[in-house]
Amino acid sequence: MSKKLISLLLVLVMLVGVFASCRKPDDGDDEGNEGTDTPTCSHTYTNGCDTTCNKCNAVREVAPCADENGDDLCDICGTNLACEHEWESVCDTTCDKCGSTREVPHEYDNDCDTTCNLCNAERTVGEHKDGAEGVYDAVCDVCGATIEIPDILSPEANAYTYNDAVVTLASNWNPHTYQVADDSYPISYITTGLYGFFFNESFDGYVIKPEMAAADPVDVTEAIKASHPNFNIPESETSGYAYKIALNPNAKWATGETITADDYIYSMQQLLNPEYLNYRATEYYAQNFSIAGAEEYANQGQTLFLENALNAGYEVADLVKDTNGNYTTPDGAPVYIAVDRPLEDWLGGNSLADYVGAYGAGYFNMSKWDSLYALVDDEGLVVLNDSTLDMLVTTISTEAWGEDASNAPSYFYYSKTYGDFDWDNVGIFKSGEFEITLVLAKSLAGFDLFYNLTGNWLVYEDYYEAGKHTDANGVYFNDYNTTLELTNSYGPYKMTQFQSDKFMVFERNENWFGYTDGKHTYVHPEDGETYDMYQTSRIYCQVVPERITRKLMFLKGRLMGFGLGSEDFEEYRNSDRTYVSPSETVFFLILNGHKDMIAEREKAENFDQTKNDLETMTLLSFRKAMAVTFDKEAMCTAVSPADSGGYGLFGEAYIYDPVNGLRYRDTVQAKKALCEFYSVDVEGDFEGDLDAAVESITGYDPETAKELFGQAYTEAIEAGYITDTDNNGKSDQTIEIVYAISTDSNFMTKLLDYMNEKLSEVTSGTPFENKIKFVKSAPLNTEWSNKLKGGEVDTVLGGWTGSALNPYSCTDLYTNPSYQYDAKWFNAATITKTLTIDGEEVTLNLKQWSDALNGATVTVTVGEGDAAVEKSYNFGDGKADVEVRLEILAMIEVAILGTYDYIPMLQEGSMALLSHQVYYVIEEYNSVMGRGGMTYMRYNYDDAEWAAFVASQGGTLRY
Amino acid sequence: MIKYAAQRLLLALVTLLIITLICFVLIRMLPRAPLPPGDPHTAIIEAKREAMGYNKPYLVQFGIFVKNVVTEWDWGISDNTYKYGKDVAQLFAEKLPATMVVNLYSILLSIPIGIALGIWAALKKNKMTDHLISTLTMVVISVPSFIYAFLIQYFLSYKLDWFPFLMEGGDLFSWKVFWSMIPAVLSLSFGVIAGFTRGTRAELTEVLTSEFMLLARTKGLTKFQATVRHALKNCAVVIVPSIFGEFIGIMSGSLIIENIFAIPGVGSLYLDSINHRNYPIFTMMTVFYTAIGLVASVIVDISYGFIDPRIRMGSKK
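Residue numbers (our numbering), protein chains in the order written: chain A, -12 to 946; chain B, 70 to 386.
Every clue listed holds true.
Quick list of the computed label-pair ranges, beta carbon to beta carbon:
| id | chain 1 | residue 1 | chain 2 | residue 2 | range |
| --- | --- | --- | --- | --- | --- |
| 1 | B | Pro213 | A | Ile704 | 53 to 59 Å |
| 2 | B | Glu141 | A | Arg110 | 41 to 47 Å |
| 3 | A | Leu362 | B | Val94 | 24 to 30 Å |
| 4 | A | Gly461 | B | Pro213 | 45 to 51 Å |
| 5 | A | Asn561 | B | Leu220 | 27 to 33 Å |
Reference listing, derived: stretches of chain B covered by chain A, where coverage requires no fewer than 3 residues with Cβ under 8 Å from a Cβ of chain A:
| id | segment |
| --- | --- |
| 6 | 220 to 228 |
| 7 | 323 to 332 |
Hints are computed from structural coordinates only; laboratory data are not their basis.
We put the beta carbon where it would ideally sit given N, CA and C, even for glycine.
Construct the entire structure; sequences and hints are all you get.
This is the structure:
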């Protein structure tokens, strides 16, 4: 068998050999093989005697050189016929004897080969090329040679390398599709916004200046309203809807092409293309910056189910019935009940069916549930009509679930189908070679407009088109800005090296207008010298997943910064290279006040009321005592040193005036609010010095705490919450405050140990000595907030991260039941407050104050009987004086703190070491500018000096 | 033997399909990470999921997946926050070489050292050398490899400054990258060396006391000759399959070591795909590892017959 096979193979080999040997030299291709005549080539020859085509090397027959005039030179080509030419090499073009010339091309292996194969002559070639089809393997795509990646850390004089480390390297920095913060890393370097933030001259605030724009936007609302009625600008509006933006004519791509209005239009068209479903499209229509028609264009052809609570917010009275008795929106869109569909807003991503399935009759009225659930369609929805509405209301209207008919709209969904929409109706168009016009669906002006234009949507057309592809389902994807090859920059830096999950390198983009426009300089606030921005010449960002490795590298001088962990605080917190950056979040000790649930828990079989108590926790005196039990600064030192003490509802980072960068906590109103809450007598104790009064607040008063615990004991005995059967003046019951933990950790143990230790100290000698303690709940994962809101657990150290530039919006978090942690036991609508505004006494409840502060028009009836009149109030941005708004904000702050549902404990912050190689121009942290970032970063040493400095320190640095 | 191998391969194929189906369905059954309430991107994400077919029944999705793989070798495109838009098969192909190279160097270092130490310990059985090697082996096996990794990084990179902290990027076969991966190779090798040492010593110790070894010695062979010619051959039945096993490990890499030394390999890709619930990447890698695991087990089983002709797989007699 095998012999036959071998024989067969041999025969085949022979046949192939015979066939090959029989082939003619000219195989008919057009490759111009030597010795062939290529019919498609329009031959060119050097002269009449030249036999070889200069294009295809085809050989022709010509008459030999002739010398009829007897000068020994060919009459046609000038060759010296008498000379026996001598050439130095096969490639030599000039005869050594007669000086005649000839044309002989060098031979090279490929475009990267520098040495002629015939004569060893050297030539200069370009750099090796890598990255064909997006594959970067450090092997030249042309010649296969290994490409040495430059040693990034090789120190060079006058080079300033910023060595950065990340845990996860960006993999998609496409401005249309990136989703997570890791992916946005390159964007800040390779792009520039239409407008940008800069420090003001005194470096205590910021200014906004044109960058990719040439000037501030010009409001052309009136003109556009007249010329483009298709954008539907309301007739009554005269400003804030349309802007002309002159573009910076010096802006260029890193590849050299000028950026024009066409680039902006093309980029927006791609971003909003309905087939592409780009993640970032919503940035341009879903929030306060909304381009006219963008939503309709981007969603055309789709039917979206929208959560009522998140969108229009229809009440039942707003809806209309169709001929079948089913409810629709005023626009005619069907309305549904989300029975088995997640409700992101109202139920935190769970569905009503999830809750009913989990809690059943314990929380819900099940009498009509099965009927309702039987109507659920494939989308998890039930059509809304009177019958299904009744089923829903019946199900949720229980004391345990705490809802009634008024909550029903929170379970509504409505559908919206987008029809075809023409691009011409989208509010962005070219109005000049270097000018675009933006038309907005909602008016926007001032800081908010500039702020929304500090980003950019530009993409480079050639690379963007090259990056388009689809998967097997026909779903669109784009590789633009995911590889080095498909990345183009128009920012201060350009990406020059990239290896996925390993490193990326940025170097100065010399085509960036900012390096030559003379506007990107600043005067140093200390030395008075003028410096260029962006001193950094190269940014090397590598993946360093492990924190301990980052620390060792930092100490070796190989990283520019190192974020401190709790284990590093002790060693480095006092270093002069340690910087603390506050964040927006204030952490509160949120205390359970849900009396019904607490009573229910106490009735449980496993709860021994003779030994334990929970109800005392709901006494105001007890909560006040808890508020002054903990020394917050000491707590930070012990538990979380990067944080600082938290004292108010709003932290240090909130800015109430974004235009001027003014902080809420620095205002008179905010300072008075703190003094009022902490009962500081400004006039009596501090002679009216408000700053000194605020400085004195520590939130820690053990003596007062002891008194309050004593008062709480008396009240609890009177209320029958606790007993003292042996009349020893101490509670028989222990108050175990259940702390909600999502997952257990060393931090939790440390925190609770600390708080129990302090409680023990403060209650010593009081009736609650050793009778109050914090205990951990079981790990609750993401359920911790629902458990806390439901009163099933008693406390947590939690808070909100609001918008740093809009503290007013945060009031909703404490007055809107959708967000409140304490909604089950605190109703903001029941607390009324009166303020004198412009000489008029205005009385509203907290919810109304909050709504009016955030731009809603609140109508109330003032007076009684025949004297009753309706009055409307709106204290939103632009509707009321800033001082008035601050006064309202401070009033709400005091009122919410006064519930003692939220006891301020910690102001969140982070702490990081900065390398000796660099320094910040400004030490103080600014909520918007930080400390200037890469724009203002200055260097103490260039790379070579730094290497020498590190070596002089023995290779390891001390901080 | 051929029939046996065919049967095993067929069985492996069926197993692969079942495991793939289970993993495919289970990961899709995991609840999605919820977006913050009010996130305006919800509608777009939902529309994308719909377009990707994630709202179809699981078995229909599985059918489409198998069809795409079989007919077009299309393993899909990463479609969520993790590696968005990347071709999954290409992504895997980019990551595999780094993992393989590091682990290959580790194996090449470990096999001779491990076997040599095992032989040495066996030949010096119950002497100080044996005790020393055996104790060290136990210690090394007991300590997780990431401990060595940090120790190596601390002493060799931080204190002595001999090596970079992390594996360098670029050509895997350049001197610079090779030098930078030595700490990772060492970290991986300790455990493997100890494993080979212990296995070889245990097997060889038993074989050295066999009667045929006594016969060999009585025929006049020296101890060295008898060990090399007869004892080691018999040990191979155990050692060689374990080498195969280690080679399989090359593919899966070491997640922790890759993480510590920032090796851009497949280990972190696999874990991240699970953490991010990235269906295409997870499915592709699961299928790959399941496949090579099954193939390896078949190869190991068949290899017994080649190593020791007395072993006949699938034979009824």
